[in-house]
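Participant: As given, the protein sequences belong to chains A and B, one line each in that order.
Sequential numbering of the first sequence, starting at 465, is according to our numbering.
Sequential numbering of the second sequence, starting at 4, is according to our numbering.
Don't take every hint at face value.
Have a look at the derived ranges for each label pair, beta carbon to beta carbon [claimed, not checked]:
no.: 1; chain 1: A; residue 1: 619; chain 2: B; residue 2: 174; range: 27 to 37 Å
no.: 2; chain 1: B; residue 1: 164; chain 2: A; residue 2: 522; range: 48 to 58 Å
no.: 3; chain 1: A; residue 1: 653; chain 2: B; residue 2: 7; range: 37 to 47 Å
no.: 4; chain 1: B; residue 1: 7; chain 2: A; residue 2: 479; range: 20 to 30 Å
No lab work stands behind these hints: they were computed from the structure.
Note that the structure is predicted; figures quoted are calculated from it, not measured.
Even for Gly, the Cβ is constructed at its ideal location relative to N, Cα and C.
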Amino acid sequence: MNENQPLPKLELTDADIYEAMKAVPGYLDITPGDFKEVYQLAFKQALQRLRGSVPARDIMTKEVIAVYRDTPLAEVAERMGRGGISGVPVLDADQKVVGVISEKDFLMHMGLEKSQNFMVLVANCLKTKKCLALPIRAQIAEGVMSAPAVTVREETPLAEVAQILTAHSINRAPVTDAQGRMVGIISRGDIVRATTHRTE
Amino acid sequence: MLRNYFHKMRGTTQSPPRVSFREIAWSWLGAFLGIAAVAWSDSFFLQGTDLVLIIGSFGASAVLIFGAIKSPLAQPRNLLGGHIISGLIGVAIYQIFSPYLWLAAALAVATAIAVMHATKTLHPPGGATALIAVIGGPKIHHLGFLYAFMPAGSGALIMLAVALLVNNLARERRYPEFWW
Chain A
465 MNENQPLPKL ELTDADIYEA MKAVPGYLDI TPGDFKEVYQ LAFKQALQRL RGSVPARDIM
525 TKEVIAVYRD TPLAEVAERM GRGGISGVPV LDADQKVVGV ISEKDFLMHM GLEKSQNFMV
585 LVANCLKTKK CLALPIRAQI AEGVMSAPAV TVREETPLAE VAQILTAHSI NRAPVTDAQG
645 RMVGIISRGD IVRATTHRTE
Chain B
4 MLRNYFHKMR GTTQSPPRVS FREIAWSWLG AFLGIAAVAW SDSFFLQGTD LVLIIGSFGA
64 SAVLIFGAIK SPLAQPRNLL GGHIISGLIG VAIYQIFSPY LWLAAALAVA TAIAVMHATK
124 TLHPPGGATA LIAVIGGPKI HHLGFLYAFM PAGSGALIML AVALLVNNLA RERRYPEFWW
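The shape of chain A in the complex, shown without the other chains (with noise of 0.2 Å):
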């Protein structure tokens, strides 16, 4: 999403657009050279226009796998690890988003500090034979959420989506509606898709 991003390889070259002047009548006062510049600078800027009016809806995933308030963590731990994915959004009964429990939620729960890493947990549990999920065993999503959640509009564009998942060092954001009803989630992995559909 960066704009410097390098830009597609654009396979133009002065001999295509020598033939295609040919093929216009009359005399065109440019060189294809500078033809060619102009055509990559118009093509960057379409794509920027993209990038910019694509909305949220647009490319967000639809079918989200979500917990409520008081879901046990047990459950939730399940939910994720089949789903695959490494956070959830947490609704209330209207189906509004109130928060969003990642694993680095967990891991923060079961005694780590903020700096350390999955391994940590994996390493005391191999010298204590103490067990680590025990503290949380008895807790619901509310206790380990982070809250309030980042969520993007619908309507949100994707370039703007791209820079409130970068701002918040966060992978995921929860999609909703006007009032604030979760409709999708749209990802980093959603927006690299997107763009490199758009631009192949």
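Since the structure of chain A is provided, determine the placement of chain B on it from the hints.
Facilitator: Chain B only, in chain A's frame:
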């Protein structure tokens, strides 16, 4: 840095393709009629007067408005604006700097280009119109600021009329690209 400087003189691309024979024929016909209209009007209406209608820069305008009709430089805004603005600048600079004709000549052309750029009326023959205002001799100098409108403006207007009539006769031609 010096290397880059000289490297830039090598050029980077190629000359545009040659136009078709049909295109060449239309350019010839248009230019013939355009210059004929101006030259004939000059000799028919202005013979024996102090006025003139034709100046050298119209030869250059003909190249553009009949030979490169798609060029932004050849559009009505540029044709009319370029000649009139350059004419005004040429006369003004001649009147201020006339003791130093070489300086007036250089200032007139350079300033005409700058003002045509700024007003989006760049028309290469305008440079000639500004230069002629300085080096055109007593008959031109005598016209004063009228020079910008007659011959410069009116000659350009006649050429424009011919360009509109003739260029659009050709099946594959269309003129202008834009008016203003």
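Participant: Does the structure break any of the earlier hints, and which numbers would those be?
Facilitator: 1
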